[in-house]
Amino acid sequence: MLGLFGTLNLGARSLSVEQQASEVTGNNLANVNNPNYSRQRLVIVNSAPLPVPQGQEGTGVDATGIEAIRDNYLNNQIVSQSSITGSLSSQQSALQDAETYLNEQIQNSSAANTPAGSQNGIAATLSSLFDAFQSLSLQPGDLSERQTVVATAQQLANQFNQVSTQLGTLRTNINQSIQSDVDASNQDLKDIAQLNLEIANATAAGGSANELVDQRQQKLEDLASKINFTSSTESNGAVDITIGGVRMVGGSTAGNFLQTYTVGQDVYVQSTTGVPMTGMTGGSINGSIAARDGGMQDLQNGLDSLASNLIDQVNSTYSAGYDLNGNTGQNFFTGTDAASIGVNAALAASPSTFQASGSATAPGDNTVALEMAQLGNKNVGGLNNQTFSQNYATTVSTLGNAIASVTDQLNNSQAVGQMLGNQRLSVSGVNTDEEMTNLLQFQKAYQASAELISTINSMLETVINMKSAG
Amino acid sequence: MRVSTSMFTNNFLPQINTLEQSENHLQSQASSGLNMSLPEDNPVAMGKVLDLQAQTSANAQYQKNISKLQTAATDVSNALSSLQPLISKASQIAISASNVATRDNLPNDAEQVEALLQQIVQIGNTKDASGNYIFGGTQNDKPPFVATTDASGNVTSVAYQGNTDVLSGEIAPGLTMTSQIPGANTTGTGPQGLLVDSRTGADIFSHLITLQSDLASNNLDAVSNADLQAVNKDDDHIISQVSANGVVQSALESASNNSAQQGTTLSTQISNTTSADLAQTLTKLSQTQTAYQAALQSGVLIMNLSILQYLQ
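Read top to bottom, the protein sequences are chains C and Z.
For what it's worth, my numbering labels the leading residue of the first sequence as 281, then goes sequentially.
For what it's worth, my numbering labels the leading residue of the second sequence as 6, then goes sequentially.
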């Protein structure tokens with residue numbers, strides 16, 4: 281038997297449990313829009329029973345803890361998915377920038393009877409150059425035809441230079457973003473170690489550290505979006521982190537960090553112990569390096585090889601020709617690659633020095649001009665036996681393929697991320713209807729417990745009045 | 006599956022976003038009539054379009070080349086048309102001089118031949134619209150024919166200072182053609198000369214000079230035996246040049262037709278690759294709009310509902 285005072289005590293504890301449950305509900309409602317929050321609930325158990333002649337008698341209710349409802353397996357999957365998405369999304373953005381600089385975009389033509397095409401890029405100017413050679417071949421001595429050839433070649437050279445410069449700037453930007461990702465990752469590592477310490481302290485004292493665990497999960501996802509890692513959880517709740525085989529966080533200590541190192545102009549990542557982070561498969565750092573050394577490098581190589589073959593082929597034909605004064609042996613293009621290609625400066629100043637003729641004395645000879653025009657259809661050995669135009673088209677479609685493939689993968693990865701996120705929300709997310717319903721339940725229980733106290737109170741009064749009456 | 010409150014917005018926003026992207030994409034297709042724009046939209050088609058575009062551009066240039074060659078062929082044809090009556094006239098003079106019945110005024114005949122000679126030299130030195138000598142071969146910067154005259158002003162010889170090379174232009178990939186004729190070719194190889202060619206025996210200037218001097222010196226045997234035949238050979242040579250020029254002109258005409266045809270084909274190929282199917286695009290657009298409206302309506306309806314509306 282609890283007795284009247286025991287029952288009064290039971291009522292009081294019951295009030296306090298229902299009140300605390302309402303508080304937890306309030307906290308849930310407050311965090312309904314917090315994306316990192318895992319809903320919590322008060323763990324309620326029976327109080328220790330009293331032995332009575334009839335067996336055991338319940339003594340009410342006790343709250344033993346506040347637990348967060350989360351699925352660690354889902355959380356780990358979301359962490360790995362963040363790495364994949366982070367890598368793909370930084371690849372996509374770098375390659376799309378390169379695509380923009382290339383400026384090959386199909387547009388409707390303003391000219392009548394002309395099909396849609398890409399009018400502003402290297403492709404169109406390359407065609408124009410060979411057209412200008414053709415035109416010159418029919419009027420080899422004509423100064424204005426010569427001028428047109430030189431102007432078109434200068435435009436082409438400028439486009440090569442410009443795209444090359446822009447790709448160089450993009451490369452610098454990517455290197456800078458790798459550096460800032462490394463800095464942010466190191467900050468995450470420090471934060472995770474600090475949170476590990478606080479979580480271990482909280483749990484050692486026998487409590488729960490729900491808020492801290494939520495915060496750490498957020499940091500883990502953030503770190504994963506930059507670089508992929510493996511993790512293991514210690515018995516005290518701390519999470520250890522290993523990147524590329526190097527233990528970065530062990531318990532409450534962030535022992536190692538990431539740092540960048542430079543090869544040529546390019547930035548790569550290693551641990552502070554000097555272990556290079558090669559073979560990384562996820563995270564934006566990996567994505568940036570993959571785009572820079574993959575698709576972008578392919579594009580740069582494609583442009584360089586096109587430019588250098590164009591320079592070689594045109595020059596070797598051109599240098600055998602004669603200008604209107606009977607001089608020979610000069611080059612048409614200067615430079616060696618896309619960045620350096622240019623047109624012999626003397627030509628712009630005096631088009632009569634254009635070496636179009638195959639004969640020192642016959643200004644009407646077009647042998648060399650015609651040969652240069654015919655280079656447009658030549659399958660060039662250095663370009664996989666493609667013509668210049670075909671080779672450039674291949675370079676453009678290779679970049680397009682790289683972007684299309686990354687975009688597909690990114691869409692998939694984001695869809696998976698969305699599904700995992702939904703699953704997590706399903707487990708850990710707050711539902712206001714549910715919380716409000718719970719709140720009603722706690723309120724009614726609170727009212728009932730208060731009613732109990734008031735009833736016991738009147739019973740006690742009855743007992744006391746009995747004494748005074750007697 | 007348990008549904009949490011933020012799942013509504015977390016699902017609703019990406020769905021709306023996907024529909025908006027799709028609408029935007031379809032709208033730009035419908036307004037431009039193009040099913041692609043950037044290399045990433047359709048990498049294979051992009052490569053194909055760039056290649057076709059280069060071919061189109063080259064093809065348009067071939068048409069320009071052909072038209073320039075046609076102009077040159079017309080220049081040659083005009084010169085031949087002017088030459089023909091002059092040679093015929095020389096031949097008539099030789100015929101009438103060699104016949105006793107028709108022989109009239111030999112010194113006058115000699116003068117006429119002299120006049121013909123000078124006209125022919127003039128035709129041999131024809132320039133094109135850009136001021137280049139069309140019968141100088143590729144040595145087109147100076148008059149190809151230079152006449153030497155004696156004290157009485159009669160032409161005694163005509164020298165050719167052009168060369169025997171001709172300018173050819175490309176009219177289709179790998180196919181070159183010329184409509185030029187050098188003024189003279191005594192090398193025995195290469196293109197036939199217009200007025201002098203060692204292979205056909207044509208040598209208009211020296212034949213007319215001989216005819217003129219035979220007429221002037223009353224050497225009628227030579228006129229009837231040798232000169233007449235020589236001039237007839239020249240006449241045959243010019244006729245064969247006219248027909249050769251006709252062949253060139255018709256070949257150019259057919260190349261021009263081919264090239265125009267090719268241009269149409271290329272244009273069609275590009276448009277087949279890049280054009281959006283408007284009917285399909287508009288149908289999809291209207292479907293997407295319906296889906297968008299439905300998503301908005303249902304989303305707003307659901308997100309407005311809460312237990313709070315029913316709690317007093």
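Do not rely on the hints blindly, as some may be mistaken.
Keeping only pairs whose Cα atoms sit at most 16 Å apart, straight-line, the calculated EDC-like set for lysine to aspartate or glutamate is [claimed, not checked]:
| id | chain 1 | residue 1 | chain 2 | residue 2 |
| --- | --- | --- | --- | --- |
| 1 | Z | 132 | C | 422 |
| 2 | Z | 73 | C | 422 |
| 3 | Z | 289 | Z | 25 |
Worth flagging that the hints you see were computed from the coordinates, not collected in a lab.
The hints, checked one at a time:
1. Z:132 with C:422: At roughly 14 Å apart (the allowed maximum being 16 Å), residue 422 (chain C) and residue 132 (chain Z) satisfy the hint.
2. Z:73 with C:422: holds, 13 Å
3. Z:289 with Z:25: The hint holds at about 13 Å.
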